[in-house]
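Trainee: Single-letter residue listing:
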Amino acid sequence: MIIRPYGDTTGDGMVQLSFTLPIPHDKRAEGAALQLAGKMGMDPAMLVHAKQMGDGYTFFVVYGKVNHLVDTDKVHVVERDFPLLSAKEVNAAIKRRLRRRLNVVGACIGTDAHTVGIDAILNLKGIAGEKGLEYYSELSVTNMGAQVSVPDLVETAREKKADAVLVSQVVTQRDAHLQNTRAMSAAFREALPAGRRPLLIVGGPRFDELMAGELGVDRIFSRGTTPREVASYLVHALAGSPA
Amino acid sequence: MIIRPYGDTTGDGMVQLSFTLPIPHDKRAEGAALQLAGKMGMDPAMLVHAKQMGDGYTFFVVYGKVNHLVDTDKVHVVERDFPLLSAKEVNAAIKRRLRRRLNVVGACIGTDAHTVGIDAILNLKGIAGEKGLEYYSELSVTNMGAQVSVPDLVETAREKKADAVLVSQVVTQRDAHLQNTRAMSAAFREALPAGRRPLLIVGGPRFDELMAGELGVDRIFSRGTTPREVASYLVHALAGSPA
Amino acid sequence: MAGKLDLDATVVARARALAARAGQPVVDLARSHTTVSVERAVLRLAGVTGADPDGIPWVNRLVDAVRADVGLGHGVAVPVFHAMETTGVEDVTVLAQKAAAGSVRFTVPAAPGRARQRARRATAAGLKRIDRRRAERDRLIKRHGDPKQRPWIYLIVATGDIYEDIPQAQAAARAGADVIAVIRSTGQSLLDYVPEGATREGFAGTYATQENFRLMRAALDETSKEVGRYVRLTNYASGLCMPEIATLAGLERLDMMLNDSMYGILFRDINPIRTFVDQRFSRQIHARAGIVINTGEDNYLTTADAVEAAHTVTVSQLMNEYFAHEAGLADWQLGLGHAFEINPDLPDSFRLELAHALLARELFPDAPLKWMPPTKHMTGDVFRGNLLDGFFNLAGALTGQGILLVGMMTEAVVTPWLSDRDIALQNVRYVLNGAGNLHEDFTPGPFIRGRANQVLSEAIDLLERIVDDGMLNAIADGTFGIMKRPADRGKGLDGVEKQDEDYYNPVVEDL
Amino acid sequence: MAGKLDLDATVVARARALAARAGQPVVDLARSHTTVSVERAVLRLAGVTGADPDGIPWVNRLVDAVRADVGLGHGVAVPVFHAMETTGVEDVTVLAQKAAAGSVRFTVPAAPGRARQRARRATAAGLKRIDRRRAERDRLIKRHGDPKQRPWIYLIVATGDIYEDIPQAQAAARAGADVIAVIRSTGQSLLDYVPEGATREGFAGTYATQENFRLMRAALDETSKEVGRYVRLTNYASGLCMPEIATLAGLERLDMMLNDSMYGILFRDINPIRTFVDQRFSRQIHARAGIVINTGEDNYLTTADAVEAAHTVTVSQLMNEYFAHEAGLADWQLGLGHAFEINPDLPDSFRLELAHALLARELFPDAPLKWMPPTKHMTGDVFRGNLLDGFFNLAGALTGQGILLVGMMTEAVVTPWLSDRDIALQNVRYVLNGAGNLHEDFTPGPFIRGRANQVLSEAIDLLERIVDDGMLNAIADGTFGIMKRPADRGKGLDGVEKQDEDYYNPVVEDL
Ligand code: B12
Ligand code: B12
Ligand SMILES: Cc1ncc(COP(=O)(O)O)c(C=O)c1O
Ligand SMILES: Cc1ncc(COP(=O)(O)O)c(C=O)c1O
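Order-wise, the sequence lines are chains A, B, C and D.
Counted from 1, the first sequence has number 137 at position 137 by full-length UniProt numbering; the numbering is strictly sequential.
Counted from 1, the second sequence has number 96 at position 96 by full-length UniProt numbering; the numbering is strictly sequential.
Counted from 1, the third sequence has number 453 at position 453 by full-length UniProt numbering; the numbering is strictly sequential.
Counted from 1, the fourth sequence has number 295 at position 295 by full-length UniProt numbering; the numbering is strictly sequential.
Next up, chain A with everything else stripped away, as it sits in the complex:
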């Protein structure tokens, strides 16, 4: 399906844009702002607000019509390619296929201290009304908390015979999350042979789920993930999909 942005009427293509340019405010700066909007495909573009900040910066708000078409058939997304199971089903599938508890080790690595996200996935309390992985009787969860170094994580994963390692990354300035994830997956590749390497999962609000391959992990979860999705994925990836 081909669609366009919708401001006030079907097909009007209207969007709102704001940004700063590192130049003082004058007519030329406004023209520069419109040039950028034009390059982004806005035509006509209305410059509706311009405000100088300090000596050399100007903030702009632009409204206008973009000419790009959005083709919903060509959207790249990581669709859930596994069934969403209930806790009961998860436990049953693990019991049936693995005949042992599935070991999960979770951590927030590097100097990132944001544990709320990984805790939401792992801890009993969970999030959005769903219990976390600790609630699943067939999952054995080790939550290492925050600021875990990669060597410690690899060590613990080995020790706990982890089937899956769950890593959270929330700080993204200067791509910290990408760097840490790459370091982590490299360390696992180095430390363990392919067959014995645990499933590597990372999550955090600013990840692009399409980057799993690039980062050397098996799966990425982003904004608004719920524990059930993660549990279902674990079953799918480690215990085969139940028919």
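Derived from the structure by calculation, the hints contain no laboratory data.
No experiment lies behind these values; they were computed from the predicted model shown.
Take these hints with a grain of salt, some might be off.
As the list claims (entries may be wrong) - Listed next, with one range per pair, are the computed distances between beta-carbon atoms:
id: 1; chain 1: D; residue 1: 346; chain 2: A; residue 2: 131; range: 50 to 60 Å
id: 2; chain 1: B; residue 1: 12; chain 2: D; residue 2: 211; range: 18 to 28 Å
id: 3; chain 1: D; residue 1: 489; chain 2: A; residue 2: 95; range: 30 to 40 Å
id: 4; chain 1: A; residue 1: 197; chain 2: D; residue 2: 87; range: 50 to 60 Å
All C-beta atoms, glycine included, are put in the ideal place defined by N, C-alpha and C.
Since chain A is already given, all that's left is putting chains B, C and D with the ligands on it; use the hints.
Mentor: Then chains B, C and D with the ligands, alone, in the frame of chain A:
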């Protein structure tokens, strides 16, 4: 000079974008939003907010880096190509060159009833601390007010021997301002031979100053115009620039 | 809510008495004149419908024909129903068509008794339809319920196309709007007829037509059922056709109408006499139809300064109250307008807003005041815009306003987008939900009380001057909104006539 | 401001008494232990500067060397200054270099009198430099003036690069910021040394180094002159190096420091004992330097629910007050933390915020409370974000907060952009200018008063439990921020030693 948008550090290229797509919210919709951002040149683009509105629409906020460069040397703007004069200089120039008062007729045409803008330019009171054209002793101003029909305007311009006609247009939905301006300039072309046609000026907050030729007028004034700019332009266009 | 300002009851009473004295001459004018639109409204109630192939309604053709033959001074009812009898035509619309074709002549019979009777029977049928719609509204409110909170949340729809308006209005209602206003195309106020049919081509608003009213009301009836809350519909009985649009609103069960001569005079350059005559009749109809009117004092603050001119708003509200009561409207029907338009850069701007808003609240304790958002000081900075709207919402909650016209962050940019309304409603919900009860903790101190009393006393001074000089002169002088509008200028004056001795209006008899 | 809540003075006194009883064992612990960082701070005051080629400061090398030879139980001052005498080295930094090279051995002399004297003379010189910076601050404040309004406007800068931070900080100050905080790179709290030099590579913050302090303070001194208002500078004396960073802050005339063991314990997993010992010394230094501390109770509400856990904030504030007073800080130096973190969807959320904020205000009438903006409930909806921040600003003004940490609409997205700060400051200016005096009209009703008193009584209950169980157990149980932190775990415990009988710290003698 080549510049990029500035979010937090020089050259980071960061911008903020929001829009609605006419589809319900799901992963595919988020992908569609990112596709649009991508087409606009945002890479990487972070989808930071998505909210369904009613059944079939979703609002998105996207942050990200645009790759476009802004070349401030290639900016198209209507730069002031005439000197900015004081009221005294305006009056002196008219007296010297024209040897009579310069006649100005102003109106807000069509069904547009927004007079604040044209009044700001014409009325004594003015705007932003500058007196309006009525204050200039060598300008004879007729302010016809709002909702003036094009035939009435042409008639009055003829009657008052207008040197310049100043038209305001504030309502822009469905391009009302462009349609009305075109109708106005066509009517003047029809009614009067080239030599006797008054200078045609339009103004309003949403005009693109580059469109004068297209709309058949001599000059366009947009957001934040002050009476002095208009008076100086009148002198420049009708009484030659004072050396 | 009442009593936070310590207003002096005798001062308030004096303000009301002055407003009545200042308004009386205007009422006298209205009672002694009629207009083409008043007469057309009568004929609409008597059953004339539809339009000629050029889109000119048959009521216009009929009134023009009557006027050409006998003028309007007798009212059109008697000549029309006399002609029905003499021509034997049974259907008034058919008569109108014949009159338009020039095949009927109109006269005023010496003994108008029978014509009056027939006319009155016909218009009574029209009024009865209005009564039925009112009863229907009462039933639906009982069934679906009123909004749970005050203020009611009022949202504007303005695509210009009734078929885009409808889904947007329904979406807004689902998202929490209690009242939907379909604003009008910029041109309509100056049309001296009411367009016909469903319309898709308006500029910055959609034409007010009977069919558009019907379509939107039906759509919102559906949504009311869905959301379990009666969603009200608003339009504009303003401009040159106040009486007729009021009538159509009554016939199609609209629930509120913008209705204020002062707006037409000041901002659409409509002749003061024309529109005061029209207004009185339209308000009588609104009273009958159980419709809440919204007045337009808020608009003054877009051209005048909101602090300097605060008292002109108060004066106008007092006069509008007088005019409305005189026309039969009850207090619950008085959506008197005011607005949050003080320059936000002014020190204590928010507290000044509170003073003004509370003054209106306490002067008119039983009226469902219409509280308008910032517009003039909104800019293209939409982030700031949403913030200002939040403080506007708060001021509404703190001062107990009745109808909250939801502000849009894009006010300075475009007529509202779908997403603007959603963001705006989210804003309202946050403020009402999180701080809606803050009025319990709000006890105006000397600054706010002082300011309110100052505005009231300036209002009294101005009313005294108006009593002396006359309301029409005050309007001519630019007292309101700094717009100067002399009584002998402006659009539509040629549609006014003085009533003759034998003027007869069957509708007014029944109101 | 005081007295709007009708708090019962005897209840308040009881809360304070309980906090003192609960805090006493922690103080005893702090007084009877020392840490590597306390000792390093002593040496910094005694004149050790610079770092080895790997970037490890000479103070670290020296303390490690002393510790290896004689432990920390005697304090490092005596062994170090004894070694100065025995080796004849005149410069402590040179001694550190020699010690690092293994060419000096440390012992504790039987008669430490002379070493103590020399040490004390050296550290006194360091303290004198701090005293001079304090006097300098007083002079500059006199010259340039304090902010005109309360609350002071506090803005964060966080590029990670001191050379990008500086122009952004200056721009922020010009745009109205009264206080600039340079936040730290995510890694720093866990470093058991203070990095050296100007730094350009931080993640989500810039390293706290003496040189970065100096550069930023100099830049802001320039801007203070320009804007005619003394612009304060803030950094973090938190994490593993509290005492040293406090010292560097004193030496470089920083004006405020985030300084709270509880933050390190709960959110950086630092060992409780280590950090309580460090905290006491760092606060003694802050007291001397005239620095305002900022505590971190606001953070609890990012992991715990702001309504359920409101009383834990109060308890922590009372304990922090006790710890601070005990360390010599005056009330004006207590920027106790709290935050606007109630779920905005909760009915009456704003009034609950007012209750909590006012409770803090009235419990600590002379402390310049640090009021933190919404973070947890901020989302990528930046329009809504700016609105929430506006109500946060309003709550700050209504309840007389001292230091307003300005919220950013992009809180959930990125560390603040230049334009975010500008929009945020515009928001603050609007609210303070337009509604800053609204507190005159704010008289809390039963809902707000009731809620405040309820929180206070829950705080007393909790304090009673802590008196019984001990503060360290409470922390271990997850009482604060639902983070469980046992006293025998966490980072940095190996840097703690019990003081011996002959422990000597020349700095503490002078504080
Ligand atoms: C709470 C919080 C804190 C708390 C953390 C407490 C704790 N124990 O976690 C405290 C106060 C300690 C804190 C401190 C700091 N913070 Co902080 N913090 C936040 C805040 C307000 C909320 C984050 C949160 O809890 N979200 C709720 C959870 C449930 O969402 P989530 O993390 O996205 O998790 C979900 C999904 O992403 C996914 N998920 C996440 N991880 C994983 C892992 C796996 C395996 C899976 C499957 C899924 C998954 O599932 C979760 C549930 O749906 C955000 C701002 C915001 N509103 O987002 C800033 C924010 C994250 N913090 C930030 C910063 C910079 C810091 C500091 C570094 C500042 C400083 N220099 O002092 C410090 C230091 C901390 C550090 N070293 O990391 C920045 C990061 C900027 C950036 N993009 O790089 C933010 C965005 C604020 C800002 N705009 O500046 N912070
Ligand atoms: C004030 C106002 C009104 C007042 C007008 C009073 C009056 N006598 O003018 C009232 C209340 C009557 C009104 C009514 C309506 N309004 Co109105 N109104 C505004 C408002 C709040 C401010 C406009 C203003 O006065 N700006 C201040 C002046 C000084 O600025 P300016 O016009 O841009 O003028 C400057 C420059 O542009 C330039 N300039 C302008 N004209 C000219 C001419 C020349 C020759 C030159 C040289 C320069 C020049 O110089 C001026 C000084 O710097 C705007 C929203 C906003 N905040 O912008 C909406 C707005 C313009 N209105 C709008 C609408 C839709 C209406 C209505 C049509 C709604 C309705 N359907 O009922 C009605 C009907 C009016 C009509 N038929 O036109 C829309 C227009 C949407 C669009 N883009 O198409 C706006 C943007 C609001 C919105 N978002 O919906 N309105
Ligand atoms: C009372 C009143 N009538 C009418 C209008 C505008 O509509 P129109 O010009 O279509 O009559 C307004 C504007 O808000 C108004 O307040
Ligand atoms: C008291 C305190 N210290 C420190 C920090 C964070 O900084 P860091 O982790 O760099 O010590 C905070 C966070 O806001 C805090 O409140």
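Trainee: Compare the structure with each hint and give your call.
Mentor: Evaluated hints:
no.	hint	result
1	D/346 - A/131: 50 to 60 Å	violated, 23 Å
2	B/12 - D/211: 18 to 28 Å	holds, 25 Å
3	D/489 - A/95: 30 to 40 Å	holds, 34 Å
4	A/197 - D/87: 50 to 60 Å	holds, 55 Å
The structure fails to meet hint 1 from the earlier list, while all remaining hints are met.
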